[in-house]
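Q: Please build the complete structure, drawing on both the sequences and the hints.
Protein sequences, first through last, are from chains A and B. Residue 1 is where the first sequence starts when you use full-length UniProt numbering, and the numbers rise one by one after that. Residue 1 is where the second sequence starts when you use full-length UniProt numbering, and the numbers rise one by one after that.
Treat the hints with care, since some could be wrong.
Claimed, not checked - Below are the BS3-like pairs computed for lysine-lysine, each with C-alpha atoms no more than 30 angstroms apart in a straight line: (1) B:K97 <-> A:K32; (2) B:K381 <-> B:K36; (3) A:K60 <-> B:K97; (4) B:K420 <-> A:K460; (5) A:K129 <-> B:K428; (6) B:K97 <-> A:K126; (7) B:K428 <-> A:K126; (8) A:K95 <-> A:K126; (9) B:K420 <-> A:K412; (10) A:K33 <-> B:K97; (11) B:K404 <-> A:K471; (12) B:K211 <-> A:K366; (13) B:K36 <-> A:K196; (14) A:K129 <-> B:K97; (15) B:K420 <-> A:K338; (16) A:K471 <-> B:K420; (17) A:K366 <-> A:K460; (18) B:K404 <-> A:K460; (19) B:K428 <-> A:K471.
I should point out that these hints are in silico values taken from the structure, not numbers from a laboratory. This structure is a prediction, so every number in the text was calculated from the model and none was measured.
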Amino acid sequence: RVSLPFAVGQCGNQVGCRFWELALREHAAVNKKGIYDEALSSFFRNIDIRNGGDGPDIDKGKICSLKARALLIDMEEGVVNEILQGPLRDVFDSKQLITDVSGSGNNWAVGHMLYGNQYREKIVEKLRKTAEHCDCLQCFFIIHSMGGGTGSGLGTFVLNLLEDEFPEVYRFVTSVYPSGEDDVITSPYNSVLAMKELNEHADCVLPIENESLFDIVNKIHQMINSGKLGSTVKQNSLVTSSASSAKIVQEKPFDTMNNIVANLLLNLTSSARFDGSLNMDLNEISMNLVPFPRLHYLVSSLTPLYTLADVNVPPRRLDQMFSDAFSRDHQLIQADPKHSLYLACALLVRGNVQLSDLRRNIERLKPSLHFVSWNQEGWKTGLCSVPPVGHSHSLLALANNTCVKPTFIELKDRFMKLYKKKAHLHHYLHIDGMEQSCFSEAVSSLSDLIEEYNELDATKGGPSADPGRLKIAV
Amino acid sequence: MSIVTVQLGQCGNQIGHEVFNTICGDVHGTHGLCSKKENESYHDACKERFFSEDESEVPVARAVLVDMEPKVISQTLSTAARSGSWKYNDRSHFCQKQGSGNNWANGYSVHGPRHKEVIMNLVQKEAEKCDRLGGFFTIMSMAGGTGSGLGAFVTQCLRDTFPSSFILNHVIWPYGTGEVIVQNYNSVLTLSHLYQSSDALLVHENDVIHKICAQRMNIKQISFRDVNQVIAHQLGSVFQPTYTAGGGSHYSRNPLGDLMESLVPHPEFKMLGLRNIPQMPENSLAYSTFHWPGLIKHLRQMLIANAKMEEGIDWQVRLPHLSSSVPSTHSINKPLHFNTSIANLVVLRGKDVHSIDIGSFQDPSLYACWLNPQEAFNAWKTPRAFNKYEKSTSLVSNSQFLLKPLDNVVGKAWNMFASKAYVHQYTKFGIEEEDFLDSFTALEQVISSYTNL
Numbered sequence: 001r002v003s004l005p006f007a008v009g010q011c012g013n014q015v016g017c018r019f020w021e022l023a024l025r026e027h028a029a030v031n032k033k034g035i036y037d038e039a040l041s042s043f044f045r046n047i048d049i050r051n052g053g054d055g056p057d058i059d060k061g062k063i064c065s066l067k068a069r070a071l072l073i074d075m076e077e078g079v080v081n082e083i084l085q086g087p088l089r090d091v092f093d094s095k096q097l098i099t100d101v102s103g104s105g106n107n108w109a110v111g112h113m114l115y116g117n118q119y120r121e122k123i124v125e126k127l128r129k130t131a132e133h134c135d136c137l138q139c140f141f142i143i144h145s146m147g148g149g150t151g152s153g154l155g156t157f158v159l160n161l162l163e164d165e166f167p168e169v170y171r172f173v174t175s176v177y178p179s180g181e182d183d184v185i186t187s188p189y190n191s192v193l194a195m196k197e198l199n200e201h202a203d204c205v206l207p208i209e210n211e212s213l214f215d216i217v218n219k220i221h222q223m224i225n226s227g228k229l230g231s232t233v234k235q236n237s238l239v240t241s242s243a244s245s246a247k248i249v250q251e252k253p254f255d256t257m258n259n260i261v262a263n264l265l266l267n268l269t270s271s272a273r274f275d276g277s278l279n280m281d282l283n284e285i286s287m288n289l290v291p292f293p294r295l296h297y298l299v300s301s302l303t304p305l306y307t308l309a310d311v312n313v314p315p316r317r318l319d320q321m322f323s324d325a326f327s328r329d330h331q332l333i334q335a336d337p338k339h340s341l342y343l344a345c346a347l348l349v350r351g352n353v354q355l356s357d358l359r360r361n362i363e364r365l366k367p368s369l370h371f372v373s374w375n376q377e378g379w380k381t382g383l384c385s386v387p388p389v390g391h392s393h394s395l396l397a398l399a400n401n402t403c404v405k406p407t408f409i410e411l412k413d414r415f416m417k418l419y420k421k422k423a424h425l426h427h428y429l430h431i432d433g434m435e436q437s438c439f440s441e442a443v444s445s446l447s448d449l450i451e452e453y454n455e456l457d458a459t460k461g462g463p464s465a466d467p468g469r470l471k472i473a474v
Numbered sequence: 001m002s003i004v005t006v007q008l009g010q011c012g013n014q015i016g017h018e019v020f021n022t023i024c025g026d027v028h029g030t031h032g033l034c035s036k037k038e039n040e041s042y043h044d045a046c047k048e049r050f051f052s053e054d055e056s057e058v059p060v061a062r063a064v065l066v067d068m069e070p071k072v073i074s075q076t077l078s079t080a081a082r083s084g085s086w087k088y089n090d091r092s093h094f095c096q097k098q099g100s101g102n103n104w105a106n107g108y109s110v111h112g113p114r115h116k117e118v119i120m121n122l123v124q125k126e127a128e129k130c131d132r133l134g135g136f137f138t139i140m141s142m143a144g145g146t147g148s149g150l151g152a153f154v155t156q157c158l159r160d161t162f163p164s165s166f167i168l169n170h171v172i173w174p175y176g177t178g179e180v181i182v183q184n185y186n187s188v189l190t191l192s193h194l195y196q197s198s199d200a201l202l203v204h205e206n207d208v209i210h211k212i213c214a215q216r217m218n219i220k221q222i223s224f225r226d227v228n229q230v231i232a233h234q235l236g237s238v239f240q241p242t243y244t245a246g247g248g249s250h251y252s253r254n255p256l257g258d259l260m261e262s263l264v265p266h267p268e269f270k271m272l273g274l275r276n277i278p279q280m281p282e283n284s285l286a287y288s289t290f291h292w293p294g295l296i297k298h299l300r301q302m303l304i305a306n307a308k309m310e311e312g313i314d315w316q317v318r319l320p321h322l323s324s325s326v327p328s329t330h331s332i333n334k335p336l337h338f339n340t341s342i343a344n345l346v347v348l349r350g351k352d353v354h355s356i357d358i359g360s361f362q363d364p365s366l367y368a369c370w371l372n373p374q375e376a377f378n379a380w381k382t383p384r385a386f387n388k389y390e391k392s393t394s395l396v397s398n399s400q401f402l403l404k405p406l407d408n409v410v411g412k413a414w415n416m417f418a419s420k421a422y423v424h425q426y427t428k429f430g431i432e433e434e435d436f437l438d439s440f441t442a443l444e445q446v447i448s449s450y451t452n453l
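A: Structural data, given as structure tokens:
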């Protein structure tokens with residue numbers, strides 16, 4: 001059962017790179033015998049490189065050479081080249097890459113219209129080739145940022161393409177939203193233009209905000225440095241991703257933050273790859289968390305935080321892990337789900353956690369959460385037996401909650417500030433296929449979405465309407 | 001006669017595995033506290049019912065395993081084989097890769113028709129291995145997509161292909177505070193469809209079994225395995241061989257037929273609940289003794305007061321005297337309302353069974369007025385003790401046991417349906433709003449029938 005990640009743009013590829021490293025590490029820890037199994041096959045192909053990589057995939061038996069099932073797309077070469085020269089160079093081959101040289105200039109229209117049209121056929125061809133190698137293609141992941149040009153523009157172009165070519169395969173998008181102080185001036189334009197595409201073509205979107213990632217990384221640093229966790233950082237720390245350093249050092253900007261997003265994807269797919277007493281597949285996530293087609297934005301949190309770092313920590317109070325999942329500090333966007341309205345909530349537990357622990361915590365936390373009237377007990381749960389590497393347990397919480405609204409409202413405000421003055425519009429409008437209506441339609445789509453959340457919020461705390469039951473003749 | 005078990009979805013396969021484990025463990029692992037001859041009869045009857053043989057002499061479960069994703073079946077097959085005392089047939093399973101996504105419509109309208117032929121072929125093969133086919137036992141949960149949706153479809157196919165065979169669906173009622181958000185939709189669709197093709201639905205509620213694990217079995221960290229083992233014990237306590245009243249000196253050969261005949265006199269009433277006592281941690285068994293009169297008394301009160309387990313039974317609930325002229329009002333929430341029955345079956349296993357007086361279960365006030373209490377009550381017995389319990393008794397009841405849970409599920413589903421939440425996920429696969437309405441109507445009818453007993 002295959003999940004196919006597409007990393008588009010600089011951010012997407014940097015996150016993607018962390019993702020592949022972590023995935024290999026996770027499978028290496030579980031798969032001691034070096035046998036190519038079902039779990040591995042969801043992200044990797046097994047090939048014999050002696051045939052120049054053109055031979056058929058090796059479905060069973062020993063691992064020969066693992067190749068990631070992925071497409072790496074960037075309109076600049078820098079990031080992708082670095083990946084190909086780094087420790088992951090053997091995991092990809094050139095056929096999985098689509099690159100150009102000049103980049104998209106932080107311009108959604110360049111990414112979407114110009115490069116989209118230019119590379120359409122090539123993308124479709126490589127997409128088909130990659131899909132051919134998959135026994136059962138369940139889900140596409142797009143990893144990108146919203147604020148730039150390639151990830152945002154070309155990334156959403158790919159999203160459209162995926163819907164056209166493979167309408168039945170689920171499309172999950174992990175989108176990094178720009179912060180207010182983003183140094184790309186046109187990021188609001190790019191983000192809102194991309195949002196329209198996400199509204200219309202994605203099955204599920206996991207929005208991420210850099211500020212939240214930054215805060216979480218700082219928290220982890222504090223925890224480690226204060227000695228609260230009671231021990232030292234291991235070599236090969238995920239936080240540093242540096243093999244030699246024993247101290248926490250930020251090797252590259254964003255590296256530590258990207259690890260978090262990579263972990264999100266790993267945890268999301270863990271139950272599909274590994275055994276458990278209550279499996280939770282990706283199509284189940286979409287089914288349970290999306291009550292209405294456009295309301296598909298899911299706020300995520302990963303707890304305990306120290307599972308995001310490679311520290312040797314004795315497991316702490318289990319219940320704290322559950323409590324933290326609902327606190328605003330642990331969400332991957334700036335949002336407070338506890339004080340907004342839940343439409344649905346999913347909890348995926350990994351490792352040494354029993355059914356009764358899960359149920360006890362749901363009972364305990366339920367009273368402090370607000371659920372929409374037609375889904376008062378709306379919980380989706382999953383139990384996966386395999387914990388993250390080096391830890392005994394972890395929890396991924398996904399919430400369809402109106403707390404995403406402020407993020408969207410702020411985005412719209414920043415957009416309007418620029419749009420009212422028609423600032424920088426000419427950069428977009430001179431691209432073939434771009435018109436003013438693209439902008440007005442995009443902001444209109446965003447407004448509609450915000451309005452849907454408003455209507456739901458209005459029902460919060462009020463009496464739940466009691467629809468009378470069907471009466472039948474006795 | 002033999003029973004062919006169809007295990008559907010993750011839940012169905014996990015429970016099915018525990019059921020065969022329990023049955024095998026009971027036959028081989030305990031000596032039954034009876035004569036050798038009795039034991040051998042029991043063993044033979046059990047084997048005929050549940051197992052076939054192959055060259056290896058390890059008993060092969062008469063089962064077909066179906067799931068839309070591979071991990072659970074794979075684990076189930078290997079765990080069984082490792083036990084050394086029984087196994088599944090290597091070829092009696094069917095799985096796909098992508099799962100049903102908790103979507104009833106996907107299970108019923110897409111996977112069902114697509115894989116009908118392959119699945120029914122496997123069932124046919126198992127059926128042919130039986131000298132005489134006693135019927136089908138399907139195990140499924142209502143909450144997910146495969147067990148529920150595909151399970152409903154397969155049940156329909158079983159009915160079409162084997163029109164005169166008995167079909168008993170074992171249905172797992174999910175926890176009230178969800179395991180799956182759309183579980184109430186899936187449940188409503190499942191129940192309404194099963195009602196059309198099945199002979200009876202035997203229900204286990206996760207919440208109830210969970211409580212039993214916590215309070216009776218003293219398990220601190222409850223896992224699904226614990227829950228499934230309690231369920232398996234309860235099922236075994238009903239389906240392991242017994243003597244029926246008219247059966248003479250042989251173990252009954254037609255358990256499903258006997259069950260239907262005893263418990264389902266009218267097709268409108270198919271919901272069966274199950275109670276089993278005593279239930280306690282294994283290491284306490286050696287220190288406990290039980291007396292039949294006490295067990296019978298408790299079981300009867302559990303029936304009358306609709307108690308889910310042997311703790312916290314409400315002894316205030318009493319049957320009305322027949323001579324009283326006060327008509328009982330039919331309200332679900334009326335305090336002290338007693339549980340009215342259509343039919344009851346009590347199974348007794350252990351020492352001195354033949355001396356037990358169970359006349360109290362034939363009290364006419366237990367039953368709806370249009371029934372004959374002599375026919376509405378049956379008892380099955382065997383002196384052979386079950387699964388390390390010196391004495392064990394079970395009640396399978398066609399009564400208002402499941403009225404409240406059913407009403408709850410339909411209510412919650414209707415509440416969600418009124419807002420149309422999630423409906424697009426079903427229409428995507430061909431289940432329209434009209435289909436929902438048909439299901440709601442069918443179940444409101446069932447609720448009404450049970451309410452007005």
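Q: Looking back at the hints listed earlier, which ones does the structure fail to meet?
A: 13
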